[in-house]
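Engineer: Each protein sequence line maps, in turn, to chains B and A. Mapped onto UniProt numbering, the consecutive letters of the first sequence carry residue numbers 1 to 378. Mapped onto UniProt numbering, the consecutive letters of the second sequence carry residue numbers 1 to 378.
Source of the hints: derived by calculation from the structure; they are not laboratory data. Even for Gly, the Cβ is constructed at its ideal location relative to N, Cα and C. Mixed in with the good hints, there may be bad ones.
[Unchecked claim] Straight-line distance between alpha carbons at most 27 angstroms, and here's what the computed DSSO-like set of lysine-lysine pairs gives: (1) A/Lys84 to B/Lys125; (2) A/Lys45 to B/Lys299; (3) A/Lys299 to B/Lys299; (4) A/Lys45 to B/Lys45; (5) B/Lys84 to A/Lys299; (6) B/Lys173 to B/Lys11; (7) B/Lys45 to A/Lys299; (8) B/Lys84 to B/Lys45; (9) B/Lys263 to B/Lys11; (10) B/Lys106 to B/Lys125; (11) B/Lys84 to B/Lys173; (12) A/Lys11 to A/Lys45; (13) A/Lys106 to A/Lys45; (14) B/Lys299 to B/Lys378; (15) B/Lys299 to A/Lys84.
[Said to hold, decoys possible] Cβ pair distances, simulated, as ranges: (16) A/Gly28 to B/Ala355: 37 to 43 angstroms; (17) B/Gln312 to A/Arg296: 36 to 42 angstroms; (18) A/Arg301 to B/Asp159: 43 to 49 angstroms; (19) A/Ala368 to B/Ala186: 36 to 42 angstroms; (20) B/Lys173 to A/Gln312: 45 to 51 angstroms; (21) A/Asp361 to B/Arg70: 45 to 51 angstroms; (22) B/Asn283 to A/Arg305: 33 to 39 angstroms; (23) B/Gly123 to A/Arg301: 19 to 25 angstroms; (24) B/Pro289 to A/Ala359: 54 to 60 angstroms; (25) A/Gln312 to B/Gln352: 34 to 40 angstroms.
[As the list claims (entries may be wrong)] These stretches of chain A come out as covered by chain B in the derived footprint (C-beta under 8 angstroms, 3 or more residues): (26) 47-55; (27) 75-87; (28) 300-311; (29) 330-340.
There are 2 protein chains.
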Amino acid sequence: MPSVPHFELLKTDTATAARRARLTTRHGVVQTPIFMPVGTQGTVKAVTPVQLREIGAQIILGNTYHLNIRPTSELIRDMGGLHKFMGWDGPILTDSGGFQVFSLAKLRDIRPDGVAFQSHLDGAKLFLGPREVMTIQQNLGSDIAMVLDECPPFPCERDVCAHSVARTFEWAKQCKQIATDNGFLAAGHHVFAIAQGSTYDDIRREAAEALASLDFPGYAIGGVSVGEPEPEMLQQVSASVKYLPAHKPRYTMGLGTPPQMLKMIAMGVDMFDCVMPTRVARNGLVFTPDGPINLRNEKYRADPRPISDEVQNYTTNFSRAYLRHLTTSNEMLAGTLLSMHNLHFFLDLMAQARARIEAGDYATWHRAWITRYEAGSK
Amino acid sequence: MPSVPHFELLKTDTATAARRARLTTRHGVVQTPIFMPVGTQGTVKAVTPVQLREIGAQIILGNTYHLNIRPTSELIRDMGGLHKFMGWDGPILTDSGGFQVFSLAKLRDIRPDGVAFQSHLDGAKLFLGPREVMTIQQNLGSDIAMVLDECPPFPCERDVCAHSVARTFEWAKQCKQIATDNGFLAAGHHVFAIAQGSTYDDIRREAAEALASLDFPGYAIGGVSVGEPEPEMLQQVSASVKYLPAHKPRYTMGLGTPPQMLKMIAMGVDMFDCVMPTRVARNGLVFTPDGPINLRNEKYRADPRPISDEVQNYTTNFSRAYLRHLTTSNEMLAGTLLSMHNLHFFLDLMAQARARIEAGDYATWHRAWITRYEAGSK
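Next up, chain B with everything else stripped away, as it sits in the complex (with noise of 0.2 angstroms):
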């Protein structure tokens, strides 16, 4: 294990950042730039592991918040790890729970040495310092692990700020002594720190190079597209990205829209997530590479052609007149269909992308894709 490198650089792009990598997990290779469909309960919300492999999925989130919570870590522990118990024998990267901590859980007490919360389900007292998202995520055997951190809200005054990426660097710097003392990285599990900063680009800077110089496997990019406008969004990442080693996998957590991914591809970041595609799809908008339709629409109504004409999976074999049907009577099957297409719809973004990197047009590729997309949107 330890002589071959978990991510392997096969190309950087000469006019963009844009990078082709192979992350290698414990449970099989990750080809970046990619795309991570959020399984926050255990599930990729109506999709099952099968249909998730045929829409080209390589590695799926799950939320260690959410599980901890139910059905508990220890019970998935006891069924053999999360891969088992949820049917998913690829990789799968967990969060560490901080983030729904700061925006699901009631009274919140920051301490110094974690944060203490109630469960936004029945109000139950509970406390996530590092050691306890080390210890889940051990428990559901994650492939790719990630540190406590904490997600200043926006706006965030600057001391407050400071404050809360010095706070991240010590957590940091404990969630990695953790996983070193109990084997966990030894034993080819990953874990990626977090870098903070909010809108502060001096921050940034400082709260990335401090990471990097603790030699993590990888690298996330916290704090973005919690309220923000999207060009300080892009700025925050900006203003990260390039102090995280290049050597490293990079990650900007929770993002983001078709644009936003290839933007972010194009300064040097390697991995996303976000439970918008699937989170729509229930309420029946689906992606076309002329931006995003609205399947409620009455339009659709008669409408015979499939979601795109250019799209091939298995929700483009149907009408938008049948989608929108089962749409319109709330059919639980338009969430499988239109969820299973969203999903798709990003993961073979990721696979043109890399594509494009490799033949070395990506440049123009990303600027033409988004232009197309951007018009279509209006």
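Given the coordinates of chain B, work out where chain A should sit on it, guided by the hints.
Structural biologist: Positioned in the frame of chain B, the structure of chain A alone reads:
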């Protein structure tokens, strides 16, 4: 088409009245006895057509009442028919809509020429007569269309029942005439008549014999499982089935539990449909050879076993603990996986029944199967 009999009896059991047969339709051959998954609104809830094939579905059912209201049969016709619309290229049986008019619609007015009623969705005033139901089912492209019938409630006064059966006979005649005149029957579509008669054995016999004289391609037994106790229901089936032509397929509508189906097969019934397996699946109830179990039960929380060791399908790759987690978390995947399991259980039971009729030991086998199932259900 006319030279090939559309229903071939392959074997008739000697110890029971069970039959093994082959029903030929425009969209393929159905091996009977068979269970038909119900696709009310143009989808078997939460299950894709590919998954239906995987679990062994041969023929599915569509509901005329629902499809006529939304998205309308004209739209489905314009989209190429129900098979193309919903992506199912196997046989489809559609009901006439009559049963739903009696169970769902508001302010219905039964007249000699049909039923006027209001849509349960938006109160729109609608009418279904023999011509309307045959036109709708022609629009859908149904392989097996059902005649319009009047379904008496339980209990029902004798004279009301007799009057209803007489009207059902007239409507059946008209439906057959319409399907003859417009070429529907000549094109290889089938039309099945429906024998009613409530709890009156003599009326059931008269109804069956009268309809038999009209030489329909197949016959259903209707008005069962409308609130009467199970022994009463089985008696009604028994009172009807023996007067239906032996060389035509026999179908009990809306039934039943696994033991009920096995008992009706022994009486000579060939076809079944029921929403129950998918409806209860969405509430966590799954079938095993030892009776149904409810996965919401706390005792399955950490149960690593599959639903059943003797049943092999995609769902039995998962632990009861995982399926319980999905169910209690209200995850859509629970609906998909448990529906697939329950439908497969019913379809596999029919496959076993067919094999036992062929082997000549159906009588002993079905009694033993029911004994075990009912012992486990206690």
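Engineer: Work down the list of hints and note, for each, if the structure agrees.
Structural biologist: Evaluation of the provided hints:
| no. | hint | in the structure |
| --- | --- | --- |
| 1 | A/Lys84 to B/Lys125 | 53 angstroms, violated |
| 2 | A/Lys45 to B/Lys299 | 25 angstroms, holds |
| 3 | A/Lys299 to B/Lys299 | 50 angstroms, violated |
| 4 | A/Lys45 to B/Lys45 | 16 angstroms, holds |
| 5 | B/Lys84 to A/Lys299 | 20 angstroms, holds |
| 6 | B/Lys173 to B/Lys11 | 31 angstroms, violated |
| 7 | B/Lys45 to A/Lys299 | 25 angstroms, holds |
| 8 | B/Lys84 to B/Lys45 | 17 angstroms, holds |
| 9 | B/Lys263 to B/Lys11 | 18 angstroms, holds |
| 10 | B/Lys106 to B/Lys125 | 10 angstroms, holds |
| 11 | B/Lys84 to B/Lys173 | 30 angstroms, violated |
| 12 | A/Lys11 to A/Lys45 | 34 angstroms, violated |
| 13 | A/Lys106 to A/Lys45 | 25 angstroms, holds |
| 14 | B/Lys299 to B/Lys378 | 16 angstroms, holds |
| 15 | B/Lys299 to A/Lys84 | 20 angstroms, holds |
| 16 | A/Gly28 to B/Ala355: 37 to 43 angstroms | 41 angstroms, holds |
| 17 | B/Gln312 to A/Arg296: 36 to 42 angstroms | 39 angstroms, holds |
| 18 | A/Arg301 to B/Asp159: 43 to 49 angstroms | 47 angstroms, holds |
| 19 | A/Ala368 to B/Ala186: 36 to 42 angstroms | 56 angstroms, violated |
| 20 | B/Lys173 to A/Gln312: 45 to 51 angstroms | 49 angstroms, holds |
| 21 | A/Asp361 to B/Arg70: 45 to 51 angstroms | 47 angstroms, holds |
| 22 | B/Asn283 to A/Arg305: 33 to 39 angstroms | 37 angstroms, holds |
| 23 | B/Gly123 to A/Arg301: 19 to 25 angstroms | 21 angstroms, holds |
| 24 | B/Pro289 to A/Ala359: 54 to 60 angstroms | 56 angstroms, holds |
| 25 | A/Gln312 to B/Gln352: 34 to 40 angstroms | 39 angstroms, holds |
| 26 | 47-55 | holds (count 3) |
| 27 | 75-87 | holds (count 7) |
| 28 | 300-311 | holds (count 3) |
| 29 | 330-340 | holds (count 6) |
Going down the numbered hints, you'll see the structure goes against 1, 3, 6, 11, 12, 19, while the others check out.
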